[in-house]
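A.B. asks: Here's the letter readout for the chains.
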Amino acid sequence: MTTLRTTPAGAATTPPLPGAPSLTGRPRPLETVVRWILRAAAALSVVITIGIVISLLGPALAFFREVPVLDFLTGTRWAPQFADKSFGVLPLVTATAWTTFIALLVAVPFGLGAAIYLAEYARPGVRRTLKPILELLAGVPTVVFGFFALSFVAPVLLRGLLGIQVGTFSILAAGLVMGFMIIPTIASLSEDAMTAVPQALRQGSAALGANRMQTTLRVVLPAALSGIVAAVVLGISRAIGETMIVAIAAGARPQMVTDPTMEGATMTGFIARMALGDSRIGSLQYNTLFAVGLLLFVLTLAVNLVAIQLVRRFRQEY
Amino acid sequence: MNPTDRTLEPSVKEAPAHAAPTTAPSARWREERVTKDAPTPVLECVDVDVRYGGFVAVRDVSLPFGHNEITALIGPSGCGKSTILRSLNRMNDLVDGARVDGKVQYWGQDIYGPGVDPIEVRRRIGMVFQKPNPFPKSIYDNVAYGPRVTGMDVDSMDDLVEQTLRRAALWDEVKDKLKQSAYGLSGGQQQRLCIARTIAVEPDVILMDEPCSALDPIATLRIEELMVELRDRYTIVIVTHNMQQAARIADRTAFFTADVDETSGDRTGVLVEFDLTSKIFENPSDSRTEDYITGRFG
Amino acid sequence: MNPTDRTLEPSVKEAPAHAAPTTAPSARWREERVTKDAPTPVLECVDVDVRYGGFVAVRDVSLPFGHNEITALIGPSGCGKSTILRSLNRMNDLVDGARVDGKVQYWGQDIYGPGVDPIEVRRRIGMVFQKPNPFPKSIYDNVAYGPRVTGMDVDSMDDLVEQTLRRAALWDEVKDKLKQSAYGLSGGQQQRLCIARTIAVEPDVILMDEPCSALDPIATLRIEELMVELRDRYTIVIVTHNMQQAARIADRTAFFTADVDETSGDRTGVLVEFDLTSKIFENPSDSRTEDYITGRFG
Amino acid sequence: GGQDNTSAAPSGESDGGSLSGQVVIDGSSTVEPLSSAAATLFRDVEPGVNVTVATSGTGGGFKRFCADETDISDASRPIKDEEAAECEANGVEYTEIVIANDGLSVVVNPENDWIDCITVEQLGTIWSPESEGTVMSWADVDPSFPDEPLELYGAGTDSGTFDYFTDAVNGEEGAVRTDYTPSEDDNLTVQGVSGAVGGMGFFGLSYAEENADSVKLLEVDNGAGCVSPTSETVQDGSYEPLGRPLFIYVNNAKYAENAALRAFVDFYLENEEQIAADALFIDLTEEQAKTAQDELASLVG
Amino acid sequence: MTTTTTTTTTPHQRLATDGRSRERNPRSVIFLVALWLSLFIALLTLLTLIVSTFIDGAGRLDSRLFTEFPSSRPQQAGARPAILGSLWVIGTTAVLAIPLGIAAAVHLEEFADRHSRFNRFVEVNIQNLAAIPSIIYGMLAVGFLGLLGVANKNIVIGGAVALALLILPVVIISTREALRAVPRELRQGSLALGATGLQTTWRITLPAAIPGISTGTILALSRALGEAAPLLLLGALVFVSFDPNGLLSGFTTMPIQIFGWTNNPQAEFRELAAAASLLLVGILLAMNALAIVIRNRYQRRW
Ligand SMILES: Nc1ncnc2c1ncn2[C@@H]1O[C@H](COP(=O)(O)OP(=O)(O)OP(=O)(O)O)[C@@H](O)[C@H]1O
Ligand SMILES: Nc1ncnc2c1ncn2[C@@H]1O[C@H](COP(=O)(O)OP(=O)(O)OP(=O)(O)O)[C@@H](O)[C@H]1O
Ligand SMILES: [Mg+2]
Ligand SMILES: [Mg+2]
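Residue numbers (this note's numbering), protein chains in the order written: chain S, 1300 to 1617; chain A, 812 to 1109; chain V, 812 to 1109; chain E, 15 to 315; chain Y, 161 to 462.
The set of hints was computed from the structure by calculation and includes no laboratory data.
Calculated cross-link-like contacts (lysine to aspartate or glutamate; reagent style EDC-like; alpha-carbon spacing at most 20 Å): (1) K942(A) with D1027(A); (2) K942(A) with D1027(V); (3) K988(A) with D1077(V).
Counterexamples of contact, computed for chain E against chain S with all Cβ distances above 10 Å: (4) V134; (5) L231; (6) E301; (7) K304; (8) L310.
To be clear about the criterion: a stretch of chain Y counts as covered by chain S if any three or more of its residues have a C-beta under 8 Å from a C-beta of chain S, and this derived list gives those stretches: (9) 190 to 201; (10) 351 to 363; (11) 375 to 385; (12) 389 to 401.
Backbone N, C-alpha and C fix where the C-beta goes; we use that ideal spot for every residue, glycine too.
Here chain S stands alone, though its shape is the one from the complex (with noise of 0.2 Å):
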């Protein structure tokens, strides 16, 4: 039996017992080359935001030039195209934030209740069919969901069942309809933050007695909280986003939005239509596009940075 070859502690490099196996591996230039192809792929998204702020802060920046950004953003009338011009995107901010209230308005308690439904009380061959027909709802292309609240929700649903006095736009109708479309991303998201709570946490409060809908409201919800909130940050966006259904339901008229059955033009729905307008490119009226897309973008951005934070506050890790 051999002795134990012993180290002095400290010593610099020990040599390698003779034949010893070699520990030295074989090059790998694929590992190498594709590592750094995978760095470059995710190193692109940084290229895409850079991408965005190049577009939109070259025209407005010349916007700006013209028009002062304070002007700009406490301003209460929109009329770029008027001969009496006036460069206050109030208006547009207002319709853009009464469309999203109303959409959140209907998509959080019903997206989170078809949610809770979903991942307590369905049988889980219930819940594999209605989630993905739930799921189709967010599929539907937005044109469709417009031309829907034109047709039927304003004409048929507010003023026909509802005795709403709503006109053929309205931000009402264009905000319900944003909410059904955002209810497929709440109630999934919801849902899925819902299933990752673990069951034990339902079986403990089961065992004290509890029913299923305080299990629900004082176990689950807490504990997936995070998720919930990063799910309606996500409809929050989705909502300040849309286009579509606002471009063709919410009107066009510019005007400081204090009353849903009133028409309003929303941020998005001005860029679509002053995109595809008649206005001479590299005009003033046409450089606004890009102030509000700017608007836009910076907007979203700080709804996330918030949400980013709030869902970091609510992590649970089990």
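Following the hints, put chains A, V, E and Y with the ligands in place on chain S, whose structure we already have.
C.D. replies: Just chains A, V, E and Y with the ligands now, kept in the frame of chain S:
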């Protein structure tokens, strides 16, 4: 003999490789407490079968659980110990496709009888799980959860929480951080918190499914001590893989095994033997029990 | 004093304060095989510290692992057994923030030395995990995976697979379903498949982190038998919670515990004692070892 | 009107469909139906030529046209000086061709029984920027009208139609009250007007004729009596000031070198009558057609 | 061993048997009804939408829709180039976005150092990109193609670039989720055998994540299929008289064709638009169904 002596009685016997231990863990001390006589059954299975879908997981189990006693359920994996345990407080209701036939009597009343509220059953017959599963809430809220949801009439929740944590031998360790998340506790502390949570709703019976299998030996020891203390107020049923544990703390032990159907290959759990723990470990009536106890099983 | 002296001849002068427990598991049979002499170290930790972020998880571990021996690492939860094990084949490289200081010598060569390829290290020093983790592939492909990815030069993969499965005592059970998914196997079979997968790449050393803790007693027994068989060809290091298991199969045993820092409350793992298994279980030199072995720990 | 949806075999020299190549058209969405109709008919003659029509708007169309990206630019207004300068800067020479006529029709709700003919002054009263907040009901326009609230609908502010209408009615492009409901989609304007008793709107004649059941078409009095909008009145210029021409701009160099483009443009002009009918516009007067032919001829000559 | 119980029970020990379960108390029932209504209303909307579109468009849902080219005469018009254009664009989008998205996700999930500031920034950035309005991607694609000197932007590759940029973050995020769902133990098992990181990813992690990746990707593609806004900014065509036949070919897609038709004065065009909408919804339904089949079929139990 006091409980501490009992738990400190060496559990580790000679266990050389591939040789059966010469002696099974001793449990002689327990005869002073309970007798061969049938216990007053707080809870009793009568001819219970449990099915999952079409598959019969356990068959024909009749088993009484004595008042203020600890009953251990042992047996190889898959023999249906957890299944039986869950049928004792209708937790199986929550498992898709599970069906319980037969009767489970609680103070003589069938918990599967008509008009019985499973939620009420679960409040009376609490449960502690294999992996500690505190809620993602503060320590205080974990304990207060049960009293709140069951609408218990409490004078002072603070007092109740303190008292409960004391009974669960956790108060001293957590009294300064009641408002902190329960997830900051160690595994053993979390499990004691789960026990505290369970006793906060003042159940009669506590069911425990391998409550120590995720814990280290020291934490295990503390839980065992706690169980022995709690025995004075509660009827305890514990499933364990650890035979030494059963020998150390159980008054009575039920040994289950799985019968294999020759044709279908289905394994169905059956109760082989139920007796005083000392009897099961020292002088089992059934050869299958003996084989299992001595590690000769298979 | 060299490190080996330190770890292999622990404070013999200090006789244990109290008598060794009479009931500690006997391991006398093993003395026929290994002697008190230091083993030929295939693998050796020299003054190893492991940190996670800033936190020192284990400190100052010097420990040789003898050729064709089974070394068991035991100790309470959180004392750093898994951490040390992972540092033996650089699996810690994959853990965020983990840092290993000191040396781990493989045939005298520091595996953390410059120019050493961790991938090569891991092929030589295989690892089996707590939960069986077969790949979602067929049984055959699970075994063939290692040889394929390491570019091993094999004449016939079929022969290699068969031979390997035979060595892992699994061939007879799976030979008719080699092309079926490994997930169809029972837990014990899956774990043996993982062992087979590991030996297929012809490592020197096999590290096992509580390989039986997810298995039932019968499956555990089979794995233990397998380890004893494999010892003739491989050096085995096993972490286990189950002291009987260490007593049954290990040639030498290292006992770890966690020192608690009074001020910060941080727990740092330290090696308490390393010796022949029989010595550790029958006549430990350190009172902490004895307390742990006899269950009086804490 | 001269609308006739039954297809007649397009006339024009058919050289057996031997051509291939590409014709890229972009520009006004108002003119798009014309170009699409032309392309539809042209396909039967020259199936080998790929014609595409996009609707980036008149401005967007000129942007691309002057960057030499497109062959033809559809325009609902004449090219602006800045745009022309850009073309010049890029060396793009072009020919402006009037390709059809359009009448802007003024419509009211069918239940409106108090007006059949509107004067240009009245239009000015209703639509001028100063009216915002003051002229809010029909009674404010003329005391003899009922006190029915005015609800105004019209083309989107980004459209050539908007520019044209505001110029014609208020004498300056973009000079209009802002409290009306603009819409890109004239079908929606129809819906708006048909939904409100006091509703009024303006849009292309074709929309009014297609929706004769839902809206009432007004005659317009330019001081020379009431004139109802029809192909004839638009063509002969008596429907004033709301009749307007629609344009295509053709890239001269491309016209010269691209046989497919040449064939297409020639075909477009030769069949302008049929095309205008298909697209629900008003075809050219003989004089207009002749001018256009001459312009083209001078190009190749 | 069974003893018939004769124990007398105290009131405390007595279980109420009046059948009044706390599961069925009024509040719980109202709660459940509310949940059920939520789901019901969402599904009802979908149904209403499909039915009302069907009523509008059923008359034109015939073979002409598939075989005919657009025409200024509604009776002769069809969506053939739009259908083919949608296929071309979505196919190209998939080719662009899927490999890039998977590569980025693999880097972030498997190789990136989570603590590096840059990688954290990349992560946050991708989350943000996923929330950016689609119309802004249109503006980006215009800028990007302009930069490349592409004169004619309404070509298949142009539309595909816009849509690929749009869905890239979604593909990355869903791929990362799918990769994350693959247990760590599998990767460790592979690495412990001496496999390299890339081998582990290629042979173990990615195959195990395929069901999740394909589900997420199909849903992303179906979103792209229904998008109109970014393509409109590229100067989308409303009239195409030929079948698209390559990356540089002009194209139109179904949502744009639908949008274009609804702007025509003739009511027949609106009927045609409804028919095309139905077709589009049908295609999306098929794609979602495919995603579901994949999800259910290959869902693994670890
Ligand atoms: N939810 C379930 N659905 C279907 N079968 C189940 C379910 N739970 C358990 N089973 C089956 O019932 C049998 C008994 O399982 P059970 O979990 O009760 O065994 P156990 O004795 O507790 O085993 P262990 O010691 O491994 O916990 C097993 O065959 C198991 O596969
Ligand atoms: N990835 C990690 N990051 C940070 N700390 C870790 C990590 N893994 C382990 N630790 C810490 O290091 C210490 C030692 O852990 P380790 O898992 O090695 O203990 P162990 O002896 O294997 O315990 P067990 O018996 O429970 O497996 C513990 O305090 C643990 O919390
Ligand atoms: Mg169990
Ligand atoms: Mg460990």
